[in-house]
Amino acid sequence: MSAATTLNWTAATQTADRFESREATREAPWVKWTILGVSLTFFAVFLLMPLVAVFVEALRKGWDTYWSALIHEDALWAIKLTLIAAAISVPLNLVFGVCAAWAIAKFEFRGKHLLITLIDLPFSVSPVIAGLIYVLIFGAQGWLGPWLAEHDVRIIFAVPGIVLATVFVTFPFVARELIPLMQAQGREEEEAAIVLGANGWQTFWYVTLPNIKWGLLYGVILCNARAMGEFGAVSVVSGHIRGQTNTLPLHVEILYNEYQFAAAFAVASLLALLALVTLAIKTWVEHHAGSATPSREPRQDAAS
Amino acid sequence: MAAAQTFRVLPGFRLTLGYTLAYLSLIVLLPLATVFLKTASLSAAEFWNVISAPRVVASYKLSFGVSLAAAAINAVFGLMLAWSLVRYGFPGKRFVDALIDLPFALPTAVAGIALTALYAKNGWIGQYLDPLGIQVAFKPLGVLVALVFIGLPFVVRTVQPILEDLDTELEDAAASLGAGRWQIFRHVILPVLLPALLTGFALAFARAVGEYGSVIFIAGNIPMVSEITPLMIITKLEQYDYAGATAIAVVMLVLSFLLLLLINGLQAWTARRTGRDR
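Taken in sequence, the protein lines are chains G and B. The C-terminal position of the first sequence is numbered 304 in the numbering used here, with every residue numbered one higher than the one before it. The C-terminal position of the second sequence is numbered 278 in the numbering used here, with every residue numbered one higher than the one before it.
Some clues are possibly wrong.
As the list claims (entries may be wrong) - Some, not all, of what chain B presents toward chain G, calculated at C-beta under 7 Å:
| hint | residue |
| --- | --- |
| 1 | G12 |
| 2 | A69 |
| 3 | R87 |
| 4 | F149 |
| 5 | L258 |
Keep in mind that the hints were calculated from the coordinates and are not lab data. The structure presented is a predicted model; accordingly, all values stated were derived computationally and were not measured. Even for Gly, the Cβ is constructed at its ideal location relative to N, Cα and C.
In isolation and in its complexed conformation, chain B is listed as follows:
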């Protein structure tokens, strides 16, 4: 392999790398850089005023709080679903396995109106919740439902391959030493799964914070109550307040970059813990 590095046998290195860098810069990097350039047109005080306005702060609280809750719900139920798919045989398993990816394939606007139809007061699910005093659609709870839908496959698909590759000899050894099923899960299986589970949690959270299409239909978008942060950007844009929209975008982008670093770190941890290279 050392020879191949010094004398490149294969052609096309300059062409493909050059094209990759040019296309990446033109479509992604330069346009994203304009966000930071545009914010520079605001003074520090103006920038702070925009990103700390009460309505915007309320939107952070909703977006981050509900995204965390949705990711946590997905971590629990996603793990149970992945466990069921790997460890148990049941009729319709292939169908369930294939449909797990539905949130990746179903356009978010379609998910949004479908969930609203289900959880409205007269909807299939909403009509049973309404007498109990639980209102989902057009409330923060509606945002939670949409974000749980959007994030579920991230947890299932990161945990599932790790569960499949799990070495059963460890469980045999633990069982032969007298450990109960719960002890084995808690002390043998969970430590191996933990990096992947956290990765899935972080992926679901990152996706939920930026999500727009599935949320706006069911959220009701009431100022200070059920407005998500991406909607604040849209609202500013509709008022032709480009600098204001950009300031909020910078806050979200910085968070996204931090999450990306965290996720990369978690994936490296997963790889070390399980010996997989991807």
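Looking at chain G on its own, in the form it has when it is part of the complex:
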């Protein structure tokens, strides 16, 4: 599912003036204001209001209730577990993403297009199925279930299952960001470094990495947001044991189903803050990547 989540290098530099200043590319004022009015109303109702509702509902019973929901020991444990899941899955998928992009962008081999499609696969699989597959392998009735029970290893309804499900759903984020970026940059700079006597690691560290840092950061940010916010896949493998296998999104669900709405929204507001921070960093990265675009262009020409 590309395009929609990949970094758009040109967006930051565009202005509407070039369309609005000329007769041929301009609509009548009433058309313009109708389109603007309808689309911004749609935006406000479907995107803005849910976001505002989270914070309003969280503070409905006052700051004391809000604060006590956040420092409850189950909430603190959920925060810890969410951070653990992200701290394992994001670096794993970061290393994978860099390796995959290096192999795909710097070399020619058969089956490359198939490989790119397969890397994107986790995005088109329902999160519920992402959880199911690990239950089928590691669950009590699963392929490895009896063996794991014998050796007293718990994966499903325990932290390892949560980490595995998180790794699956965040699998493509970094790779799909880096592959088109590194393909566009070609391999001439790296080849020059090697010819001049740098080893592979030095080439990557001093030549490739500075070129891909914004794309890398972008992928990591989105990967992290999904890792901390995943609900469906984690819900299947977690078993919902309070204070043990509850991540933040699962804790929100438990509180909500117990009709502790203010507490549920208080915990949800933490995740909403995470989303806002993610969007802020994402916008910042797009701005920087956009201003770096002119220096990228000659290289693209040279590589093609």
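Since the structure of chain G is provided, determine the placement of chain B on it from the hints.
Then chain B, alone, in the frame of chain G:
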């Protein structure tokens, strides 16, 4: 470039490709293969009974029907939003542009409870709809609202870059030949946008069919009325009916693969139509 292909100057090909294939197989391919292996434990008749049970069929109708409707709504309003963001200047534009991606960043469970709070009978929006006889939360309409939320950025973000790159000379030429604004949109702009718009539609649809977190809170999950297909998998799992859960998962996976092929084809079409390489 030919030399680089025969004598690989850069190091690390075997290492990185080997690691990529091993990690991909271990995390994604082998686990997904178990779904198909597990279904093989069912006979064809058993498999058919599971996937054609009335409650499951009702869930397909809801999931696919509402996902199509949500993707269609997003195609219309997403196009208008992308148009506004590219062609018009208005205060707060950067803010709107940044928040378009909110559904990607906001955890689905949070979206689910927030939408339920808005559309419940006493909610901010629900209290005005209820006197009109329109109930959203805990009805199929609630599922639609959640899926519209989830799918919106897919359409906006696939159409927006194509609109930005659009060559204005074509519009100038059409205008100088006497075409009206609507004719220009219909015959000059829309044909260029169409592949991207369809891609965005397909992406929003694919995401909506598999969506779980944002839907289950607002759907009410009434059997035969507002149960989505992913929920049927969860229900089977909670009854320890692994084979049944897997059979439904196979139906969904096959559909996802078909959609993936369709989306790849649409993206190739977009690239040909607009001359962009991504």
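The hints, checked one at a time:
1. Look at G12 of chain B: its Cβ gets to within about 5 Å of chain G, closer than 7 Å, so that hint holds up.
2. For A69 of chain B, the suggested interface contact is broken, since its CB lies about 14 Å from the closest CB of chain G, more than 7 Å.
3. At about 5 Å, the closest approach between the beta carbon of R87 of chain B and any beta carbon in chain G falls short of 7 Å, and the interface hint on this residue holds.
4. This hint holds: F149 of chain B has a C-beta 5 Å from the nearest C-beta of chain G, less than the 7 Å allowed.
5. Because the closest C-beta pair between L258 of chain B and chain G is about 10 Å apart, greater than 7 Å, the hint is violated.
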